[in-house]
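These protein sequence lines map, in sequence, to chains X and Y. For the first sequence, the working numbering assigns the number 869 to the initial residue and increments by one for each residue that follows. For the second sequence, the working numbering assigns the number 869 to the initial residue and increments by one for each residue that follows.
The set of hints was computed from the structure by calculation and includes no laboratory data. Only a predicted model underlies this, so the values are computations on that prediction, with no experimental measurement involved. Any given hint might turn out to be false.
Note: identical chains are not told apart, hence a pair may lie in one copy or across any two.
[What the hints assert, rightly or not] No more than 27 Å apart at the CA atoms, straight line, and that leaves these computed lysine-lysine pairs for DSSO-like:
1. Lys992 <-> Lys1027
2. Lys900 <-> Lys976
3. Lys1022 <-> Lys1034
4. Lys968 <-> Lys1029
5. Lys972 <-> Lys949
6. Lys932 <-> Lys949
7. Lys932 <-> Lys900
8. Lys992 <-> Lys968
9. Lys932 <-> Lys972
10. Lys987 <-> Lys1022
11. Lys932 <-> Lys976
So you can see what is in the structure, the chains are spelled out below.
There are 2 protein chains.
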Amino acid sequence: MRFEICLSGHGGQGMVLGGKILAEAIALYQDKHVVQTQSYGPEARGGASRSEIVVSDEEIDYPKVTQLNLLLALSQESCDKYSVNLESDGILIIDPLEVKSTPKGNFKVYSIPIIQLAKNELGKTLFANIIALGAIAAISGIVNQEELTRTVLKHVPEKTKEDNQKALELGYRTGQTAIK
Amino acid sequence: MRFEICLSGHGGQGMVLGGKILAEAIALYQDKHVVQTQSYGPEARGGASRSEIVVSDEEIDYPKVTQLNLLLALSQESCDKYSVNLESDGILIIDPLEVKSTPKGNFKVYSIPIIQLAKNELGKTLFANIIALGAIAAISGIVNQEELTRTVLKHVPEKTKEDNQKALELGYRTGQTAIK
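Excised from the complex, chain X in its bound form:
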């Protein structure tokens, strides 16, 4: 078993922190090896941001993503760029506010208004990454809500804990509705 995840979007959308939290939560939830990678450098300065996670039963010798099982795309650019690596039965989660043109393929597409939910329900787009984590958990089942909540609360400042918990619940509920 090998499951590969990519969280992608604009810089500043919190993909790196999101990836770190998700990787840690998966490792605590499942008895598997988890490696999380982020890339910086010339290509990262263009404003794109991505975080990759590989989950495997075995020790991970090649931590780079090759065939994606799940892609979160919060920008059109990242959707176009990374969806070519998506498995034919993979999961694509997009934000319809940013991704107007959905790539064609056999993968399942879930359109979740993550950024709008963050703005309307929490007053800040800052919470988009945590809403996205909730949706990913509900749609993929790679981690449960409880473990994810615990890990999120460990990594955010004290005074934002309540809003982050709300964001996670909101994302989880929205994801559950989407798979119905």
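Let chain X serve as the given structure and place chain Y on it in line with the hints.
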């Protein structure tokens, strides 16, 4: 050019955050590709923690560390485990409070009392990872003090900024003294 770094220690010593900050600072300071990886899972639960960084002129196809150029070891266990991958002309930075037995090899060993400095000068061992980053910058030259300071301040809570800046300066000065 390919330069490989491993920050290692006990869980809770902030190696993951340290690696993230260092990778980002190097990417901003140098026009190079930087990939930063952390592993979780069965082996990570033993209490060991590590973060790996690869810096390269070219796009990084294999982000896993193979031959280390720099190893920071804040525990005996991590020193024993990872120093076997250290290049013969590599840099080994240890904390003498934790690492009592230094591995033999042609690499240069720098003994920096990071944890004691954190306790005595800042009142909290929590700052050990930032002191370590300062020492790494001074000893290796892979990033300069200015860029590293900017990146640290971007990633720590407002009320800890002053102490983190102090920690970084302290580590940098101690590193400079060590290479003299």
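Hints and how they fare:
{"no.": "1", "hint": "Lys992 <-> Lys1027", "result": "both (14 Å within a copy, 22 Å between copies)"}
{"no.": "2", "hint": "Lys900 <-> Lys976", "result": "within (25 Å within a copy, 36 Å between copies)"}
{"no.": "3", "hint": "Lys1022 <-> Lys1034", "result": "both (15 Å within a copy, 25 Å between copies)"}
{"no.": "4", "hint": "Lys968 <-> Lys1029", "result": "neither (32 Å within a copy, 40 Å between copies)"}
{"no.": "5", "hint": "Lys972 <-> Lys949", "result": "within (13 Å within a copy, 47 Å between copies)"}
{"no.": "6", "hint": "Lys932 <-> Lys949", "result": "both (16 Å within a copy, 23 Å between copies)"}
{"no.": "7", "hint": "Lys932 <-> Lys900", "result": "both (17 Å within a copy, 18 Å between copies)"}
{"no.": "8", "hint": "Lys992 <-> Lys968", "result": "within (22 Å within a copy, 49 Å between copies)"}
{"no.": "9", "hint": "Lys932 <-> Lys972", "result": "within (24 Å within a copy, 33 Å between copies)"}
{"no.": "10", "hint": "Lys987 <-> Lys1022", "result": "both (23 Å within a copy, 23 Å between copies)"}
{"no.": "11", "hint": "Lys932 <-> Lys976", "result": "within (23 Å within a copy, 31 Å between copies)"}
Hint compliance for this structure: hint 4 alone is broken.
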